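Undergrad: Please take these sequences and the hints and turn them into a complete structure.
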Amino acid sequence: MATVSFTIFRGNSPDTGAFETYSTETDEGMVVLDAVHKIQAEQANDLSVRWNCKAGKCGSCSAEINGMPKLMCMTRLSDLPLDKPVLLQPMKAFPLIKDLVTNVSWNFDVKKKIKKFKPRPPDNTDGTWRIAQEDVDRVQEFRKCIECFLCQDVCHVLREHRMHDQFIGPRFLVYSAALEMHPLDTEDRLPDLKNSEGIGLCNITKCCTAVCPEEIHITDNAIIPLKERVVDRFYDPWHWFLRLFKKS
Amino acid sequence: MNTYDTFDYDVLVIGAGGAGLRAAIEASAHGVTVGLICKSLLGKAHTVMAEGGVAAALSNVDERDNWKVHFTDTMRGGQYLNNWRMAELHAKEAPDRVRELEAWGALFDRTKDGKILQRNFGGHKYPRLAHVGDRTGLEMIRTLQDHGIHQGVSVHMEFTIISLLKSGDRVSGALGYDRERGRFNVFRSKAVVLATGGVGRAYKITSNSWEYTGDGHSLAYRAGAELIDMEFLQFHPTGMVWPPSVQGILVTEGVRGEGGILLNKEGRRFMFDDIPDLYRNQTADNEEEGWRYTQGDRNARRPPELLTRDHVARCIVREIKAGRGSPHGGVFLDISWIKEKIPNAAEVIKKKLPSMYHQFKKLADIDITKEPMEVGPTTHYMMGGIRVDADTQMSTVPGLFAAGECAAGLHGANRLGGNSLSDLLVFGKRAGEYAALFAKEHGFEKVDDTKVKSIVGESLQPFGRANGENPFQVQYDLQDMMQDLVGIVRNEAEMQQAVTELKKLQERAQNVKVVGNREYNGGWHTALDLQNLLTVSEAIALAALQRKESRGAHFREDYPSKDDQNGKFNSVVRITADGQMEIRKDSLPEIREDLKQIIAELK
Chain A
1 MATVSFTIFR GNSPDTGAFE TYSTETDEGM VVLDAVHKIQ AEQANDLSVR WNCKAGKCGS
61 CSAEINGMPK LMCMTRLSDL PLDKPVLLQP MKAFPLIKDL VTNVSWNFDV KKKIKKFKPR
121 PPDNTDGTWR IAQEDVDRVQ EFRKCIECFL CQDVCHVLRE HRMHDQFIGP RFLVYSAALE
181 MHPLDTEDRL PDLKNSEGIG LCNITKCCTA VCPEEIHITD NAIIPLKERV VDRFYDPWHW
241 FLRLFKKS
Chain B
1 MNTYDTFDYD VLVIGAGGAG LRAAIEASAH GVTVGLICKS LLGKAHTVMA EGGVAAALSN
61 VDERDNWKVH FTDTMRGGQY LNNWRMAELH AKEAPDRVRE LEAWGALFDR TKDGKILQRN
121 FGGHKYPRLA HVGDRTGLEM IRTLQDHGIH QGVSVHMEFT IISLLKSGDR VSGALGYDRE
181 RGRFNVFRSK AVVLATGGVG RAYKITSNSW EYTGDGHSLA YRAGAELIDM EFLQFHPTGM
241 VWPPSVQGIL VTEGVRGEGG ILLNKEGRRF MFDDIPDLYR NQTADNEEEG WRYTQGDRNA
301 RRPPELLTRD HVARCIVREI KAGRGSPHGG VFLDISWIKE KIPNAAEVIK KKLPSMYHQF
361 KKLADIDITK EPMEVGPTTH YMMGGIRVDA DTQMSTVPGL FAAGECAAGL HGANRLGGNS
421 LSDLLVFGKR AGEYAALFAK EHGFEKVDDT KVKSIVGESL QPFGRANGEN PFQVQYDLQD
481 MMQDLVGIVR NEAEMQQAVT ELKKLQERAQ NVKVVGNREY NGGWHTALDL QNLLTVSEAI
541 ALAALQRKES RGAHFREDYP SKDDQNGKFN SVVRITADGQ MEIRKDSLPE IREDLKQIIA
601 ELK
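So the sequence lines, in the order shown, correspond to chains A and B.
Note that the working numbering gives residue 38 to position 38 of the first sequence, counting from 1, and the numbers run on in steps of one.
Note that the working numbering gives residue 130 to position 130 of the second sequence, counting from 1, and the numbers run on in steps of one.
Just so you know, the hints here were simulated from the structure itself, not pulled from any lab data.
Quantities reported herein were computed from a predicted structural model and do not represent experimental measurements.
All C-beta atoms in this analysis are idealised placements derived from N, C-alpha and C, irrespective of residue type, glycine included.
One or more of the hints may lead you astray.
As the list claims (entries may be wrong) - As a list, the in silico EDC-like pairs of lysine to aspartate or glutamate whose alpha-carbon atoms are at most 16 Å apart:
hint, chain 1, residue 1, chain 2, residue 2
1, B, Lys585, B, Glu601
2, B, Lys350, A, Glu141
3, B, Lys112, A, Glu134
4, B, Lys115, A, Asp126
5, B, Lys115, A, Glu28
6, B, Lys351, A, Asp126
7, B, Lys513, A, Asp137
8, B, Lys115, A, Glu134
9, B, Lys351, A, Glu215
10, B, Lys351, A, Glu134
Unchecked claim - Stretch by stretch, here's where chain A covers chain B in the computed footprint (C-beta under 8 Å, at least three residues):
hint, stretch
11, 470-478
12, 488-500
TA: Listed below in structure tokens is the structure:
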């Protein structure tokens, strides 16, 4: 079919790396990752690209396609303008390893610091719980997350302001929401969200929601409800008054 | 030359899908130090792609279900080649392993009274699969991952093991490199658990991710362990066929479980045309009964679309070969037809099969609530693998354990859908437990430095070759060859040819060239993976040649029938002292009397 050009970032440092353009034959239905694989196999064997399932389920092949954070395996060439080269760059919010691959280990470190799931005692003597489907539905939206970290990549608190040490990012606000709204969970994560995890730094521009390949309503369904809980607990005058009263 | 760092762990778990994570969690719970090696990032392993559900006789939806029925279904599905003890343990322990996930945070879909919901699946007599829509694997791996990171397990991400290390007969560690920088590391350990998954990347059309290159099979084989049943490779009946770039991507059996039907281009529901005797009593003889079954009518029998995968795949191949296939060389799978039966069909489909809806919409411009999908068989699951003791999961090499897809025995000649997620929980736990016990009774061994240097040197050879071949090209040629010559329908001549071709590919693999440096180098990774792919391909071809009958997933057009006189054996593959692959037959162990009776009663 048509020959398409791809301009791909190559190198292991943003300073010394450079863009290289490759042309390759494309076929009907091809996604960006197919083209990258073809280039890797035929023209640049040492091209670095991270991928696994090629079915939009594992969230490994995150990159910036024409400047937009996307999964390469779910972006079809037919949805891109092909009259000029397709621009492929690694995610900008994370340190570069090489070519299209970044070091996302910060995300794994952040997750480890969030208080883990702590269920209430089982409802039944056989150790099981009874849970209504409605209570499951709400959390299942968050549990769809494939940890592609595109929301982290697009979030300006991380991307521009580099506040990785003060803000856990949309992915882990979703993760926290999944735990806080889990029908069995009894842990309290609100003080951490307010203090060390920086929920106040999010100013709900909804960029994260816009790039989520799982179409999770990150801002509306996860972050805003968490913000409301934090506000209710720590800033509501009535709660504040009650706390004073309790202390005395 | 290469210096290397050394890590010491009582138990080293290689592979971080469901089985590896479950093993690591269990070993850690027994108070030993645990290292966990992920070939990719944590939480990305192939378990993430499992869709339909995890099989366990919880009897939440149908109280007639129990471990005996699950055991019998598993044995029947495996054409009685299964390791009966594994099938027994699996059926008995799966319910507890599923409930345990809930205590760790997993949220399965619910019944009306708030219990874990279970769905119908091929070969399971009652609704048995606990599930979360069609993303059960993601729920499972994330639950295990999020629980596991708090259990004191040391995780090494994007790390590939290239060789096991031995001390005498016993396994004493492993050698590998980090994919990011290409630095070598030695892991000393008292016990090793292999949980590396399958071999699908030896084939062109596969539902498997790039990681599935038979690493565990090959590592164990080279360490002297026996592999069994390698001829039994499952081709899932429903993979995507169009557009070309998505060929092989899985379409869950859950589509059929929710009422989806298979049609040829004439609109005929061809699955009714051939129902095996072993399943005749359990299969609907009209479409109406089949529909009622999928809607939970306890008196209805299953529609023929929910026969075992080996059979459904062959029926699809038959239709395609007879010229009754769909435009792009598959058949039609239709779930949209249920709108004739229920009012809010589109919503039900999106609710029950969200990933499938998304996948077809996004990748093929097909709205599955309105039109049929085109599907065809795709390489999916390796029933064969490392021979293990049923109770402890230890291989024939002391200190080397295996669990999940890379281990063999549970599934016999054909695996039932849903039995692999339960397999990896049940036997992942057992492997972790017994590896920890083994580690407590043994010490660390000294690493043979010369040996390490020689393996490292060998793995770096492709960098020095001026005129070598492109490793990707060798891999493509291997995949084409295996697809054509050792695929769903096999015969003597083609497989003999495959054995010859494999020798040539082996030579070519010895002469591949890698460009660039060791940092995240796809060419180098492929060059090293090739050795494993070639090893498992040879094992598949030899075992398939040896089995002169058709049984389960292994179908030979030159021996199209099952041969119970001569077919009841395990194929055993092993490396000889001079490095050749040797194959033999071991007769099946006698089934325990009480289990025999259960099978007879539930026939």
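Undergrad: Now look at each hint and say whether the structure bears it out.
TA: Hint check:
For a cut-off of 16 Å, the pair hint linking Lys585(B) to Glu601(B) is broken: about 30 Å separates their Cα positions. Taking the CA atoms of Lys350(B) and Glu141(A), the gap is near 14 Å; set against the 16 Å cutoff, the hint holds. As the CA atoms of Lys112(B) and Glu134(A) are separated by approximately 10 Å, the hinted pair is consistent with the 16 Å bound. Restraint check: the Cα-Cα separation between Lys115(B) and Asp126(A) comes to about 12 Å, which is no more than 16 Å; the hinted pair holds.
A threshold of 16 Å between alpha carbons decides the hint, and for Lys115(B) with Glu28(A) the separation of about 45 Å lies outside it, so the pair is violated. Using a Cα cut-off of 16 Å, the hinted pair Lys351(B) and Asp126(A) is violated, with the two alpha carbons roughly 30 Å apart. With a C-alpha separation of about 52 Å, the suggested pair Lys513(B) and Asp137(A) falls outside the 16 Å cut-off, and the hint is violated. Using a Cα cut-off of 16 Å, the hinted pair Lys115(B) and Glu134(A) holds, with the two alpha carbons roughly 13 Å apart.
A distance of roughly 14 Å separates the Cα atoms of Lys351(B) and Glu215(A); the hinted pair therefore holds under the 16 Å criterion. For the suggested pair Lys351(B) and Glu134(A), the alpha carbons sit about 13 Å apart, so the restraint of at most 16 Å is met. Against chain A, the stretch 470-478 of chain B contributes 5 residues with a C-beta closer than 8 Å to a partner C-beta. That satisfies the three-residue criterion, and the hint holds. Remark: the stretch 488-500 of chain B is not confirmed as covered by chain A, as 0 of its residues place a Cβ nearer than 8 Å to a Cβ of that chain, below the required three.
When held up to the earlier numbered hints, the structure conflicts with 1, 5, 6, 7, 12 and fits the remainder.
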